[in-house]
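J.: Chain residues, written in single-letter form:
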Amino acid sequence: EAGVAQSPRYKIIEKRQSVAFWCNPISGHATLYWYQQILGQGPKLLIQFQNNGVVDDSQLPKDRFSAERLKGVDSTLKIQPAKLEDSAVYLCASSLGEGLGNQGETQYFGPGTRLLVL
Amino acid sequence: AQTVTQSQPEMSVQEAETVTLSCTYDTSENNYYLFWYKQPPSRQMILVIRQEAYKQQNATENRFSVNFQKAAKSFSLKISDSQLGDTAMYFCAPQQNAGGTSYGKLTFGQGTILTVHP
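Read top to bottom, the protein sequences are chains A and B.
41 is the number that my numbering gives to position 39 of the first sequence; each next residue is one higher, with no gaps.
103 is the number that my numbering gives to position 97 of the second sequence; each next residue is one higher, with no gaps.
Note that these hints are calculated values from the structure, not bench results.
It cannot be assumed that every hint is accurate.
Straight-line Cα separation of at most 30 Å, DSS-like style, residue types lysine-lysine; simulated pairs [stated by the list, open to error]: (1) LYS46/A / LYS79/B; (2) LYS80/A / LYS46/A; (3) LYS61/B / LYS46/A; (4) LYS46/A / LYS85/A; (5) LYS84/B / LYS46/A; (6) LYS76/B / LYS46/A.
If the Cβ cut is set under 8 Å, some of the chain B residues that face chain A in the computed set are [unchecked claim]: (7) ARG49; (8) LEU53; (9) VAL54; (10) ARG56; (11) GLU58; (12) TYR60; (13) LYS61; (14) PHE70; (15) TYR109; (16) GLY110.
Cβ pair distances, simulated, as ranges [as the list claims (entries may be wrong)]: (17) LYS46/A / GLN75/B: 23 to 31 Å; (18) PRO83/A / GLY91/B: 20 to 28 Å; (19) GLN63/B / ASN53/A: 29 to 37 Å; (20) ASN73/B / GLN82/A: 21 to 29 Å; (21) LYS17/A / GLN63/B: 50 to 58 Å.
Even glycine gets a Cβ: it sits at the ideal position worked out from N, Cα and C.
Required output: the full structure, derived from the provided sequences and hints.
T.: Printed below as a string of structure tokens:
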């Protein structure tokens with residue numbers, strides 16, 4: 003079974019530029035998550051999709067971050083314009099999304115995209 | 007919002023020995039899940055073990071077991087017969103219960119870096 007795919011693996015940009023990350027979840031997984039992991043910290047949820055609808059984006063900086071999941075499969079996360087503090091690893095994860103509120107479900111993570119903003 | 011405390015930033019253990027990683031959390035819910043995830047140097051996060059708060063019996067998965075103290079809101083991870091491949095960052099992550107606007111969000115602790123020495 004193929005895992006969660008993410009691209010690119012690394013990205014270096016200058017502040018005020020824009021950048022986009024792509025994620026392809028495990029086939030059949032209804033729930034998709036984007037996390038931001040700053041060096042030395044635990045991942046922080048940015049946005050959660052159930053199929054192609056957003057169910058939690060409470061910690062997404064909406065003035066600069068946006069995400070979409072067209073057709074309920076793969077997803078893109080965009081930052082525009084980037085700031086120095088956006089330097090982090092961006093993790094995508096997916097889960098089956100069968101149970102109420104995804105209770106007890108394993109989240110499967112991709113390898114992440116390491117972003118450096120100069 | 008849930009808070010998660012992993013009070014040991016770094017731990018080390020000799021191969022074949024046992025080590026315990028601690029985690030405390032704050033929640034007002036009665037039934038929920040708790041997870042330990044492992045992030046090796048390759049950075050792909052994987053599930054180690056999960057516990058349902060409703061169950062009194064501590065979860066075990068081969069060499070990994072938990073000591074779940076619900077009243078104390080403590081969820082420690084014990085690794086027996088440590089192996090070199092256990093070297094990783096370990097994250098404790100309670101899951102918010104479904105209901106209202108919550109869709110089973112995970113809140114990750116700061117992590118504990120575990121190094122297994124030969």
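J.: Next step is simple, just say for each hint if it's right about the structure.
T.: Evaluation of the provided hints:
Pair hint LYS46/A plus LYS79/B holds up; C-alpha atoms about 21 Å apart against a cutoff of 30 Å. With a C-alpha separation of about 16 Å, the suggested pairing of LYS80/A with LYS46/A holds against the 30 Å cut-off. Proposed proximity of LYS61/B and LYS46/A is supported: the alpha carbons are some 27 Å apart, at most 30 Å. For a cut-off of 30 Å, the pair hint linking LYS46/A to LYS85/A stands: about 17 Å separates their Cα positions.
A C-alpha spacing of about 25 Å is found between LYS84/B and LYS46/A, which places the hinted pair at or below 30 Å, so the restraint holds. Distance restraint check for LYS76/B and LYS46/A: the Cα-Cα separation of roughly 24 Å lies within the 30 Å cut-off, and the hinted pair is therefore satisfied. At about 5 Å, the closest approach between the beta carbon of ARG49/B and any beta carbon in chain A falls short of 8 Å, and the interface hint on this residue holds. Of the supplied interface hints, the one on LEU53/B holds, with its beta-carbon coming within about 5 Å of a beta-carbon of chain A, less than 8 Å.
Taking 8 Å as the C-beta contact cut-off toward chain A, the hint placing VAL54/B at the interface is violated, the least distance being around 11 Å. About 7 Å separates the beta-carbon of ARG56/B from the nearest beta-carbon of chain A, less than 8 Å, and the hint is met. For GLU58/B, the interface hint holds, the least distance from its beta-carbon to any beta-carbon of chain A being 6 Å, beneath 8 Å. Interface hint at TYR60/B: violated, since its Cβ lies 10 Å from the closest Cβ of chain A, which is beyond the 8 Å cut-off.
Taken as an interface hint, LYS61/B does not check out: its beta carbon lies about 11 Å from the nearest beta carbon of chain A, beyond 8 Å. Annotation: interface hint on PHE70/B violated; nearest CB of chain A at approximately 14 Å, more than 8 Å. Using the Cβ-Cβ criterion of 8 Å, the hint placing TYR109/B at the interface with chain A is satisfied: the shortest such distance is roughly 4 Å. Below 8 Å, beta-carbon pairs count as interface contacts, and GLY110/B has one with chain A at about 4 Å; its hint therefore holds.
Checked against the hint of 23 to 31 Å, the C-beta distance between LYS46/A and GLN75/B comes to roughly 26 Å, which is consistent with it. Distance hint for PRO83/A and GLY91/B: a CB-CB separation of about 41 Å, inconsistent with the stated range 20 to 28 Å. Under the hint 29 to 37 Å, the C-beta atoms of GLN63/B and ASN53/A, about 35 Å apart, fit the expected range. Checked against the hint of 21 to 29 Å, the pair ASN73/B and GLN82/A fails, with Cβ atoms roughly 46 Å apart.
Between LYS17/A and GLN63/B, the C-beta spacing of about 52 Å keeps the proposed range 50 to 58 Å intact.
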